[in-house]
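J.: The listed protein sequences correspond, in order, to chains A and B.
In case it helps, our numbering puts the first sequence at residues 1 to 293.
In case it helps, our numbering puts the second sequence at residues 1 to 283.
One thing to keep in mind: the hints can contain errors.
Here are a few chain B residues that sit away from chain A, every Cβ distance over 12 Å (derived from the structure) [claimed, not checked]:
no.: 1; residue: THR5
no.: 2; residue: SER59
no.: 3; residue: GLU67
no.: 4; residue: LEU80
no.: 5; residue: PHE84
no.: 6; residue: SER157
no.: 7; residue: ILE171
no.: 8; residue: ASP182
no.: 9; residue: ILE193
no.: 10; residue: PRO200
no.: 11; residue: SER226
no.: 12; residue: GLU227
To spell it out: a stretch of chain B is covered by chain A in this simulated footprint if at least three of its residues, at any positions, have a beta carbon under 8 Å from a beta carbon of chain A; those stretches are [what the hints assert, rightly or not]:
no.: 13; stretch: 28-34
no.: 14; stretch: 95-103
Taking lysine-lysine and the PhoX-like style, the derived pairs with C-alpha atoms no more than 25 Å apart in a straight line are [claimed, not checked]:
no.: 15; chain 1: B; residue 1: LYS10; chain 2: A; residue 2: LYS184
no.: 16; chain 1: A; residue 1: LYS101; chain 2: A; residue 2: LYS40
no.: 17; chain 1: B; residue 1: LYS199; chain 2: A; residue 2: LYS102
no.: 18; chain 1: A; residue 1: LYS101; chain 2: B; residue 2: LYS274
No lab work stands behind these hints: they were computed from the structure.
For each residue, glycine too, the CB sits at the ideal point set by N, CA and C.
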Amino acid sequence: MKSKKQSYYQALLFLSPTLIIFITFILIPVGFSFYLSFHKWNMFSSERTFVGVSNYVQMFQEEDFWRVLKNTFIFTVGAVPLNMALSLFVAQGLNRKLAGKKFLRTLFFTPVIISPVAAALIWRWIYDPNQGLLNHALGFFGVDPINWLRDPNWAMTALIIMGVWKTFGINMVLYSAALQGIPKSYLEAAVIDGAGPWTRFWRITFPLLSPTTFFIMVMSLISSFQVFDLVYILTSGGPLGATKVLVFYIYENAFKYFNMGYASAAAYILFGILTVLTLLQVKFLKTTMYEAV
Amino acid sequence: MNSLTTQHKKVIRHGLRVVDHVLFYTLALLTVAPFVWMILTSFKDMSEIFVYPPKWLPSRLHFENYERAFQAAPFGRYYLNSLFVAFSVTLGQLITCSMAAYAFARMKFPGRDLLFYIFLGTMMIPFHVTMIPSFIILHTLGWIDHYQALIVPGLASAFGTFLLRQFFLTIPKELEEAASLDGAGRFRILWQIIIPLAKPALATLAIFTFMGVFNDFIWALVVINSEEMRTVQLGLAIFRDRHVTEWELLMAGSVTATLPILIVFFSAQKYFIKGIALSGLKE
Chain A
1 MKSKKQSYYQ ALLFLSPTLI IFITFILIPV GFSFYLSFHK WNMFSSERTF
51 VGVSNYVQMF QEEDFWRVLK NTFIFTVGAV PLNMALSLFV AQGLNRKLAG
101 KKFLRTLFFT PVIISPVAAA LIWRWIYDPN QGLLNHALGF FGVDPINWLR
151 DPNWAMTALI IMGVWKTFGI NMVLYSAALQ GIPKSYLEAA VIDGAGPWTR
201 FWRITFPLLS PTTFFIMVMS LISSFQVFDL VYILTSGGPL GATKVLVFYI
251 YENAFKYFNM GYASAAAYIL FGILTVLTLL QVKFLKTTMY EAV
Chain B
1 MNSLTTQHKK VIRHGLRVVD HVLFYTLALL TVAPFVWMIL TSFKDMSEIF
51 VYPPKWLPSR LHFENYERAF QAAPFGRYYL NSLFVAFSVT LGQLITCSMA
101 AYAFARMKFP GRDLLFYIFL GTMMIPFHVT MIPSFIILHT LGWIDHYQAL
151 IVPGLASAFG TFLLRQFFLT IPKELEEAAS LDGAGRFRIL WQIIIPLAKP
201 ALATLAIFTF MGVFNDFIWA LVVINSEEMR TVQLGLAIFR DRHVTEWELL
251 MAGSVTATLP ILIVFFSAQK YFIKGIALSG LKE
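Pulled out of the complex, with its shape left as it was, chain A reads as follows (with noise of 0.2 Å):
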């Protein structure tokens, strides 16, 4: 028989390597940049004021970061219905008898996959002014040419198109597998009712399906508010600020300027909103979860 002490060393002996990176790079971490929101420091000398709350109060009185946080939530705002939408239609079609649905499913899904880097990048030559792919197909529909990245009226369009390609992929995946779990025999009792298949959408699978949008919105508001790289690449915030989101502003601040701070108390807002987020994502699960039951 083993004591029960023994085991207890066994058990933190498997744990201590996930443990050691845990405290290290996300606990510590996380207690360390809410100590640095209160203060002025940055980075490189070993002097580190402590300012109270001011690094805050400065953040709400800056034009630059209401403007930052509009920016966000426009994107977030244009990109998430879309994004949603598109992913629930194309679920919708991949459900039924299609021929080569597989390959379809791989062909809609591949954009999820590769660098957001290399993506960006592509989607900078489509929106090309004078020889990209956009400009020339809306030629065809009698549509001037945009200067999509240059206008700062079209950059947010811009990077809300591009958004939504790189990630409706992933939502469509959770769709079909929700769709799957619904039962056919509720869809069949509807058609012997007479449902066409508009109403059978609305009436018998659009509701069942809500436990699943409320998922999928939530964690697409979540990862929106995180947008970076697409940004960083396509349009580096510009032109003139027009699409320079929350993270871009923590990441300039930051290791740009080196207000280590003043990016912290950032970091610590986009904490804020993102914690708001998820527990409602929790409340409202487990009601549904229970619901279920």
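Based on these hints, arrange chain B on the given structure of chain A.
T.: Below, chain B without anything else, positioned relative to chain A:
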């Protein structure tokens, strides 16, 4: 009369099926069009790029674009860096996550469930909150601009531990009990019984980790300064700044940066789809 309407219905249904196919194949084509455009551009001559209206096909495959891209920047070196880092992190995570998952799935110790929930909770901490202090910690350790900075923080994963634990729980305990009676220790049980049975879960974790690390950009951007330490993604981003409109070179670089992932994806697709469907993982 009646048979006519059923005939009509049949025709309509058939027509709808055709429309369905046309619609979804067009959509799929539009989705992959940017890739096709990238690959075709990478083989074009500069003069073919600046024609209007754009031409889809290159007159001849200009493979020298790749040569030129590799000469303009040390992509070979970037590649080695990326592959080395991605393989190290993947292997490391498979080991650390299996060990932790085994402890959570099979060992009894006080506070186990609480610790597990704390673990799960850390998945909700956004990376950008820990990014700045992690950078400072690595700076203090003198690891900035070294492989350690790219590898060590990735050597554990809450998602991976969770994924493997769930899988380990489905393995019948009797197998281990028999081995245990034969005098096998915990490490041997994990290595010789659990790991071989958990191959599908390990494959899913390996693929996700490899893809995540190979495609990572922001972390490399933060911790790497020198040219010879750049990863493919970082190298490509900096290459963009220097060759702003040399699209044939930029697309050759992009093809290079996407190729390994596309290969992994097409050869192990089911693990990708399964992983996402199971966990709802975003990233």
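J.: A separate judgement is required for each hint: does it hold in the structure or not?
T.: Hints, one by one, checked against the model:
1. THR5: Per Cβ check, THR5 of chain B is outside 12 Å of chain A; nearest 15 Å; holds.
2. SER59: 16 Å, holds
3. GLU67: 19 Å, holds
4. LEU80: 17 Å, holds
5. PHE84: Label holds. Min Cβ-Cβ 17 Å, cutoff 12 Å.
6. SER157: 8 Å, violated
7. ILE171: ILE171 of chain B is indeed farther than 12 Å from all Cβ atoms of chain A, at 16 Å.
8. ASP182: At roughly 16 Å from the nearest Cβ of chain A, ASP182 of chain B sits farther out than 12 Å, so the non-interface label holds.
9. ILE193: 15 Å, holds
10. PRO200: 17 Å, holds
11. SER226: 16 Å, holds
12. GLU227: Fine: 17 Å to the nearest Cβ keeps GLU227 of chain B off the interface.
13. 28-34: holds (count 6)
14. 95-103: holds (count 7)
15. B:LYS10 - A:LYS184: Within the cut-off at roughly 22 Å; holds.
16. A:LYS101 - A:LYS40: 56 Å, violated
17. B:LYS199 - A:LYS102: Status holds; Cα separation ~24 Å.
18. A:LYS101 - B:LYS274: Holds. LYS101 of chain A to LYS274 of chain B sits at ~16 Å (cutoff 25 Å).
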